[in-house]
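**Student:** Could you put together the complete structure from these sequences and hints?
The sequence shown begins at 1 in UniProt numbering and counts up one residue at a time.
Hints are computed from structural coordinates only; laboratory data are not their basis.
Treat the hints with care, since some could be wrong.
Ranges between beta-carbon positions, derived for each pair [claimed, not checked]:
1. K121 with E352: 42 to 50 Å
2. K284 with K221: 30 to 38 Å
3. E261 with E350: 21 to 29 Å
4. E65 with E352: 52 to 60 Å
5. P73 with S278: 27 to 35 Å
6. H254 with F174: 13 to 21 Å
List time: in silico DSSO-like cross-link candidates among lysine-lysine, alpha-carbon distance up to 30 Å [as the list claims (entries may be wrong)]:
7. K10 with K75
8. K262 with K240
9. K230 with K265
10. K365 with K240
11. K194 with K360
12. K170 with K146
13. K229 with K170
14. K230 with K112
15. K265 with K227
16. K284 with K224
17. K122 with K284
18. K240 with K265
19. K122 with K227
20. K227 with K262
21. K103 with K75
Since we're looking at a predicted model, the values are computed, not measured.
For each residue, glycine too, the CB sits at the ideal point set by N, CA and C.
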Amino acid sequence: MTFTSLGLSKALVKAVTEKGYETPSPIQEKAIPVILEGKDVLASAQTGTGKTAGFTLPILQNISEKKNPKYRPIKALVLTPTRELAAQVYDNVREYSTHLNIKSTAIFGGVKPSSQIATLKKGIDILVATPGRLIDLHEQNQLSLKRVDVLVLDEADRMLDMGFLRDIKKIISFLPQKRQNLLFSATFSKEIKKLAQGILHNPVLVEAAPENTTAEKVNQKLYKVPKSKKTELVGQLISKGNWSQVLIFTRTKHGANRLTEKLIKLGISAAAIHGNKSQGARTKALKGFKDNSIRVLVATDIAARGLDIPLLPHVINFELPNVPEDYVHRIGRTGRAGASGEAISLVAQEEEAYLKSIEKLLGQKITISELEGFDLSTIKNEITTERPKQQSRNKPTKKTLKTSSNSKKKVSTENTKKHTPRKRNNRNRKNNNKTSR
Numbered sequence: 001m002t003f004t005s006l007g008l009s010k011a012l013v014k015a016v017t018e019k020g021y022e023t024p025s026p027i028q029e030k031a032i033p034v035i036l037e038g039k040d041v042l043a044s045a046q047t048g049t050g051k052t053a054g055f056t057l058p059i060l061q062n063i064s065e066k067k068n069p070k071y072r073p074i075k076a077l078v079l080t081p082t083r084e085l086a087a088q089v090y091d092n093v094r095e096y097s098t099h100l101n102i103k104s105t106a107i108f109g110g111v112k113p114s115s116q117i118a119t120l121k122k123g124i125d126i127l128v129a130t131p132g133r134l135i136d137l138h139e140q141n142q143l144s145l146k147r148v149d150v151l152v153l154d155e156a157d158r159m160l161d162m163g164f165l166r167d168i169k170k171i172i173s174f175l176p177q178k179r180q181n182l183l184f185s186a187t188f189s190k191e192i193k194k195l196a197q198g199i200l201h202n203p204v205l206v207e208a209a210p211e212n213t214t215a216e217k218v219n220q221k222l223y224k225v226p227k228s229k230k231t232e233l234v235g236q237l238i239s240k241g242n243w244s245q246v247l248i249f250t251r252t253k254h255g256a257n258r259l260t261e262k263l264i265k266l267g268i269s270a271a272a273i274h275g276n277k278s279q280g281a282r283t284k285a286l287k288g289f290k291d292n293s294i295r296v297l298v299a300t301d302i303a304a305r306g307l308d309i310p311l312l313p314h315v316i317n318f319e320l321p322n323v324p325e326d327y328v329h330r331i332g333r334t335g336r337a338g339a340s341g342e343a344i345s346l347v348a349q350e351e352e353a354y355l356k357s358i359e360k361l362l363g364q365k366i367t368i369s370e371l372e373g374f375d376l377s378t379i380k381n382e383i384t385t386e387r388p389k390q391q392s393r394n395k396p397t398k399k400t401l402k403t404s405s406n407s408k409k410k411v412s413t414e415n416t417k418k419h420t421p422r423k424r425n426n427r428n429r430k431n432n433n434k435t436s437r
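**Tutor:** Below is the structure:
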């Protein structure tokens, strides 16, 4: 199978060849012909499968075959959950359209909208956007979506995780009813299927790999280690392995900052990216990581969406994600395009429940490893000591449950105050989820 045999024009085949692609990936083979026919698509594709080209190339082809009026209305809208992914998709659109008379741009938060508005005023064919910035500019009458022919929801599962469902529905209300819809997701959860039912019309189902599978080229393993030993273990893994490029995932922004500082103190160059970092700081950190001036990039799940790092050899889960599907997204950063990669998870006793959920999703056990020369005696002692406490806290007996329910009647003002910060943190988490808007 070749790109030409898929029905792509000479201009697009030339652009793809210049990027070094010789044959289409499985997702491209299945999606491109269907999209060229104008059909709706529900596609399951993980990162690193070539899904962006899978929808970008046929969209460019369809637009190029139509006459462009002097004023260019937006014909294709691509929605992404984060700025990084929006920037990455836009870069691909621009590269693939090198030999075509097609204009495109990306709009997202974190930067002043003035330059984005100026570009929109000149007229564009393809717009890549995050939901928040798109709604803001639409409400300011800075853009019109009345002539959109095709809507793409990229990484739709992540958009739902981030609470963008209401925004998606609002944006759809701006669009003409007659249009082509393309929905791409790493997994087909119940929520995704429900969203698809409300948007897609007789969609063609496209799957690049079996549901909820991870890249076959990724060597997955885990280390049982308490929180207090995780940073030390990371330092030894990087130093002993002489690793030059490592992507590390943490569950929180504060955790990303803290780990970065500790690694720097160990003499390991590192930088953090998350929603509280400015777009300039994130771009600088990513550039340093790609050109190997920074050895370690520490990221949260949301900030890492859209990162395109070719041949990334190592991914470390410093903390396991709360949502099992996020594990699939994380390790999908390595082992791309047929290259081998390694995904390591550091699992503390209190994360055992997360591990079980992940292994259930994968349908397999992850290999437990030990680092030669690393002192595990203290680790084993700590785990043994911690276990009774964790069991009593996480799996209370009936007596414990009765006691705790009765004690609610006697809650003091002091106890109420202790719970207040947790509520405030939960609100912050919800707000932080939309920082990438």
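**Student:** Does each hint hold? Answer for all of them.
**Tutor:** Structure-based check of each hint:
1. K121 with E352: 42 to 50 Å: Roughly 55 Å apart at Cβ, these two residues miss the hinted range, so it is violated.
2. K284 with K221: 30 to 38 Å: holds (32 Å)
3. E261 with E350: 21 to 29 Å: holds (23 Å)
4. E65 with E352: 52 to 60 Å: At roughly 55 Å between Cβ atoms, E352 and E65 fall inside 52 to 60 Å, so the hint holds.
5. P73 with S278: 27 to 35 Å: holds (33 Å)
6. H254 with F174: 13 to 21 Å: About 37 Å separates the Cβ atoms of H254 and F174, which means 13 to 21 Å is violated.
7. K10 with K75: Satisfied, since the Cα-Cα distance of roughly 22 Å is no more than 30 Å.
8. K262 with K240: holds (17 Å)
9. K230 with K265: Roughly 15 Å between the alpha carbons, so the hint for K230 and K265 holds.
10. K365 with K240: holds (26 Å)
11. K194 with K360: holds (23 Å)
12. K170 with K146: OK: K170 and K146 at ~14 Å, within 30 Å.
13. K229 with K170: Given that 30 Å is the threshold and the Cα spacing comes to 47 Å, the pair is violated.
14. K230 with K112: violated (39 Å)
15. K265 with K227: Given pair K265, K227 holds - Cα atoms ~18 Å apart, limit 30 Å.
16. K284 with K224: The hint is violated at about 34 Å.
17. K122 with K284: Distance ~29 Å between K122 and K284 Cα, so the pair holds.
18. K240 with K265: Status holds; Cα separation ~17 Å.
19. K122 with K227: violated (53 Å)
20. K227 with K262: Cα-Cα ~14 Å, so holds.
21. K103 with K75: It holds: about 11 Å lies between the C-alpha atoms, which stays within 30 Å.
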